[in-house]
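Visitor: Chains as they are written, first to last, in our numbering: chain U, 1031 to 1169; chain R, 49 to 484.
Hints may be right or wrong, so weigh each one.
As the list claims (entries may be wrong) - Quick look at which bits of chain R chain U covers, simulated, 3 or more residues with Cβ under 8 Å: (1) 128–139; (2) 364–378.
Claimed, not checked - Taking CB as the label site, the calculated pair distances span: (3) R:129 to U:1167: 32 to 40 Å; (4) R:386 to U:1167: 51 to 59 Å; (5) U:1131 to R:201: 53 to 61 Å; (6) U:1140 to R:334: 16 to 24 Å.
In short, the hints are calculated from the structure, not lab data.
We put the beta carbon where it would ideally sit given N, CA and C, even for glycine.
Single-letter residue listing:
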Amino acid sequence: MNQTRRLLSLPVFAAIMVALISSACDKSSEAKPEGQAQTPFPATPKAREAVPVPPARNAGAVNAPTNPAPLSTDMTPKEMYIAYCGACHSVDLVESQRLGREDWAWVMQDMVEEYGGAWIKPDEQRIIIDYLAENFGPN
Amino acid sequence: MDKLNRIHTSAEFRRRLVERGATNDDLRRFDAFVSRRGFLGASGAALLSALGADAAFEGLFGRGLLPMAMADAPASSDVDGKPGMILHVTHPVSGEFPPHMLDDDITPTQRHYVRNNGGIPDRATSGDTRGWQLTIDGEVESPLSLSFDELRAMPSVTMPLLIECAGNGRAFFDPPVRGNPWQHGAIACSEWTGVRLRDLLHRAKLKPSAKHTAHFGDDPPLGQAEPFSRGIPIDKAMEEHTLVAFAMNGKPLSPLNGFPVRLVVPGWVGSSSQKWLNRIWIRDREHDSQKMTGYSYRIPKAPVAPGSRPRKEDMQIVTSVLVKSMITRPGPDTISKAGQAIDVAGHAWAGDRGIAKVLVSADYGVHWIETKLTPPPNPYAWSRFEARLRIQQSGYHEIWARAFDEAGDAQPFRQPWNPKGYIGNVIHRVPIHIET
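All chains, full assembly: derive it from the sequences and hints.
Guide: Shown next as structure tokens:
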């Protein structure tokens, strides 16, 4: 992110990069680390088809004031974030960001008001903003 | 080494990081990295051998370098036709190439960056031009509708032209801003073949009320977003290098770069160059779509303090990109010998303006040397600069490049800040290591 920090690097840094990058081809069957929940748009190049809405909701439910069986009750903040924020685009778009709470709230406002995320209820928005500010902050 | 060889899985690797005192943030980056790359298996051991020793491992973590490596290295993608692309977003696809892969004067199609706002139209993936039409309507006397063959039958021109994403360099904004964290590579200068937009506008006969264009394409938007649409003032539309392009480097456009037809509005932020083009609506006012208003593609009219957000009324649209240069040779972290010749090369450009000179420095800007400048084949292609440097002292050094445009503006040493990270042009710095 920060060029000055990046430029502190040493030759061994390049060696690490080479090792990391070349090892990416090596897909063995080991257990995945935690944090790899399935997203509606997983990070694969094929994910470009229809735009889904989160589970238990459908396009007709957009803006519906009453929505039966709130999705959020049995979800952790992380699960909620992945299900909601991965609905229209892949979550790598979100995870590449390093933003303070105010900026995350601004992003949320745009998703809700401009792009069709109006089904994300205010209390759910708060939970997700808190999660993002905590996990994808500036530092 | 035996001990190291047992560390095969990412889970074990992660456990070692914890043991070594990695912070939660380090671990989060590690997890993100691992989930992007499908880490690691047997080569976990190779990774640790590369690190050499536990001491190096610890030392790197102490300085936060390993996590930076992870953060700075988005997955190389296997997106069709773009091998080696640094992928920022999988859907909608957005990716760039590192400067050392962009050395060619004419950027190969394979290495032209991709910035998509929505899906890829079916027509682009099927490669079928049947049924495609370009409509020109609005403030014109005789609205037009052209098929692909009719467009291609018109007089066309071929030339290398620059397209740079408005957000190129966003990763260097401090504090960080929202949007794709482009580093240096959301820029390309491919050779485009197309009909001059002004020839089409002449055919449609602009009314005196014509002020601005509004562009539309076939790409399906995400969610309930408005279909992606931007526009340019009529003067820029009538400029002779503004093309309705149907070929890229002598071939049909690639699906990701706008097949079958796109605008090329060279020197202006890339979003002006609508991909998968199907309509140009001539308007009697500045186009007012979602991506022309609010904070989209807008910067403060007067500079603001980093981190602050001006009111919408105090924002203005971005047009031309700013003076900038990129070192394409040597690549980052090369190793050279003291006193040995180092050939430095790269590109410089300044949107609507020409480049006057490019200077390079190997000592943090204390001394500068002038480079040999090869002028571009047209005002909207980039210039090549070249210089030969010798660094006498061993150790860590950086090569810097600084371009000056014909109006006397030069690249800044620190990135001026705006809320969405547009038209960044801070000088490019490339690390190099000198051995005795």
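Visitor: The structure should be examined with respect to each hint, and the outcome stated for every one.
Guide: Hints and how they fare:
{"no.": "1", "hint": "128–139", "in the structure": "holds (count 6)"}
{"no.": "2", "hint": "364–378", "in the structure": "violated (count 0)"}
{"no.": "3", "hint": "R:129 to U:1167: 32 to 40 Å", "in the structure": "holds (36 Å)"}
{"no.": "4", "hint": "R:386 to U:1167: 51 to 59 Å", "in the structure": "violated (42 Å)"}
{"no.": "5", "hint": "U:1131 to R:201: 53 to 61 Å", "in the structure": "holds (57 Å)"}
{"no.": "6", "hint": "U:1140 to R:334: 16 to 24 Å", "in the structure": "holds (21 Å)"}
In the structure shown, a violation is registered for the earlier hints numbered 2, 4, in ascending order.
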